[in-house]
Amino acid sequence: MKAKIILFLGLMLATTGLMAHPIKMTTSKISYDKKTGELVLLINFFIDDFGAHLGKIYHQRNVNLENSGDTEKSMVNAYVSRKVLLKLNHKASLLKLSALNKIDENVVQATFRLPCKNLSDLKLLEVSNALLFDAFPEQVNVLHFDLPAKIESSVYQFTPSESYKAITLSN
Amino acid sequence: MSEFPFYVKQGINHITDIQGFDHMLFIVSLCAVYKVSQWRNVLVLITAFTIGHSVTLALTALNVIKVNRELVELLIPVTILFTCVYNIIKPEKSKKLISVNYFFALFFGLIHGMGFSNFFKAMMMGISDNIIVPLLAFNLGIEIGQLMIIAVFTVVLFAFTGILKVRHRDWVLFVSGVGAGLAAELIIKGLA
Chain A
-6 MKAKIILFLG LMLATTGLMA HPIKMTTSKI SYDKKTGELV LLINFFIDDF GAHLGKIYHQ
54 RNVNLENSGD TEKSMVNAYV SRKVLLKLNH KASLLKLSAL NKIDENVVQA TFRLPCKNLS
114 DLKLLEVSNA LLFDAFPEQV NVLHFDLPAK IESSVYQFTP SESYKAITLS N
Chain B
-11 MSEFPFYVKQ GINHITDIQG FDHMLFIVSL CAVYKVSQWR NVLVLITAFT IGHSVTLALT
49 ALNVIKVNRE LVELLIPVTI LFTCVYNIIK PEKSKKLISV NYFFALFFGL IHGMGFSNFF
109 KAMMMGISDN IIVPLLAFNL GIEIGQLMII AVFTVVLFAF TGILKVRHRD WVLFVSGVGA
169 GLAAELIIKG LA
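If you read the sequences in order, they're chains A and B.
Under my numbering, the first residue of the first sequence carries the number -6, and numbering increases by one thereafter.
Under my numbering, the first residue of the second sequence carries the number -11, and numbering increases by one thereafter.
Keep in mind the hints are simulated off the structure, nothing from the lab.
It cannot be assumed that every hint is accurate.
Mimicking DSS-like on lysine-lysine, the simulated pairs with C-alpha atoms at most 27 angstroms apart in a straight line are [as the list claims (entries may be wrong)]:
#1 Lys17/A with Lys(-3)/B
#2 Lys66/A with Lys89/A
#3 Lys17/A with Lys116/A
#4 Lys54/B with Lys22/A
#5 Lys49/A with Lys177/B
#6 Lys76/A with Lys66/A
#7 Lys(-3)/B with Lys76/A
#8 Lys54/B with Lys153/B
#9 Lys66/A with Lys143/A
#10 Lys17/A with Lys23/B
#11 Lys49/A with Lys84/A
#12 Lys23/B with Lys95/A
#13 Lys22/A with Lys177/B
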């Protein structure tokens, strides 16, 4: 009888609102395209979460990020431009979507390009990344750097409590 | 932060994340049947779990095998429920229980490795071709996290059974009951 009571108490304690491992994450990479003299920003989103959120904020029923059309591209461009801010040497840069492709099961990759004629002139890069913080409190955004310039770190993580980084570059 | 410590930290955070507690719960469920004096058995158990999850984490991360993310997320609480139910229904002094637990740790570790790989691949998706160093660092982080969980669990176990003199069988029933309840809830949510 005592064992049953203990087991019952254990089971009762288990009726909480805990969740299985949620993966709420975007991954990004900033690299440099020597040929065009541009910084290239790749951002990867989970299609299900991102599509649902875009649909919600832009009041669209069917957001098809599996096979994106002009409507989806325009929503992605508008959303990312609002949530990701890049400043090159204290000067804000306008993000412009150049491609939006599905790259894996449930993963869509948005490519943005920023003019940066001479990378060696770039001394300070300020990044503000608040992607999907308005959708999920546990959201984390990871930013990788693949630049020929020296950089203090190759990976940065953005969270709702820490969404801004100032990154110093040297040659 | 440079790449290696970043991924070690991600591994630790992933397994010790209280909001996504499934892997932690499995480790606790596995260790529930052991007494403080059986720490050697726990080490063997965790080694078996490590072998299991490392194999599938590597194979999945390197795209040698493909897994269904939703199915894996559903199977993980099934492994917890299975382990907990086995802890409850088996007699207290069963040597077989120990060796069956090693098997659970190894076999179910394979499933948890696929779960780890879901998170790892999410971090790496479309970003880098060279994933060996991040993979090693992430796995190391998971091992460190596992040891942290076991250390805390052992202290709690000692407090209850060593200081408060709770019977070990009652402890097993309680921990396994909590584990089974949580796992059942996760399975129901996963099926919904």
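Evaluation of the provided hints:
1. Between Lys17/A and Lys(-3)/B the CA atoms are separated by roughly 17 angstroms; this keeps the pair inside 27 angstroms, and the hint holds.
2. Note on Lys66/A and Lys89/A: the hinted pairing holds, with a Cα-Cα distance of about 10 angstroms set against a maximum of 27 angstroms.
3. Our distance criterion of 27 angstroms between C-alpha atoms is broken by Lys17/A and Lys116/A, whose separation comes to about 32 angstroms.
4. Restraint check for Lys54/B and Lys22/A: satisfied, since their Cα atoms lie roughly 25 angstroms apart, inside the 27 angstroms limit.
5. Note on Lys49/A and Lys177/B: the hinted pairing holds, with a Cα-Cα distance of about 23 angstroms set against a maximum of 27 angstroms.
6. For the given pair, Lys76/A sits about 15 angstroms from Lys66/A by alpha-carbon distance, which is consistent with the 27 angstroms threshold.
7. A distance of roughly 26 angstroms separates the Cα atoms of Lys(-3)/B and Lys76/A; the hinted pair therefore holds under the 27 angstroms criterion.
8. At roughly 48 angstroms between alpha-carbon atoms, Lys54/B and Lys153/B are farther apart than 27 angstroms, so this suggested pair is violated.
9. Note on Lys66/A and Lys143/A: the hinted pairing is violated, with a Cα-Cα distance of about 33 angstroms set against a maximum of 27 angstroms.
10. Proposed proximity of Lys17/A and Lys23/B is contradicted: the alpha carbons are some 37 angstroms apart, above 27 angstroms.
11. Of the supplied pair hints, the one linking Lys49/A and Lys84/A is violated, its CA atoms being roughly 32 angstroms apart against a limit of 27 angstroms.
12. This hinted pair does not check out: Lys23/B and Lys95/A have alpha carbons roughly 51 angstroms apart, beyond 27 angstroms.
13. Using a Cα cut-off of 27 angstroms, the hinted pair Lys22/A and Lys177/B is violated, with the two alpha carbons roughly 34 angstroms apart.
Comparing the model with each numbered hint stated earlier shows that hints 3, 8, 9, 10, 11, 12, 13 do not hold.
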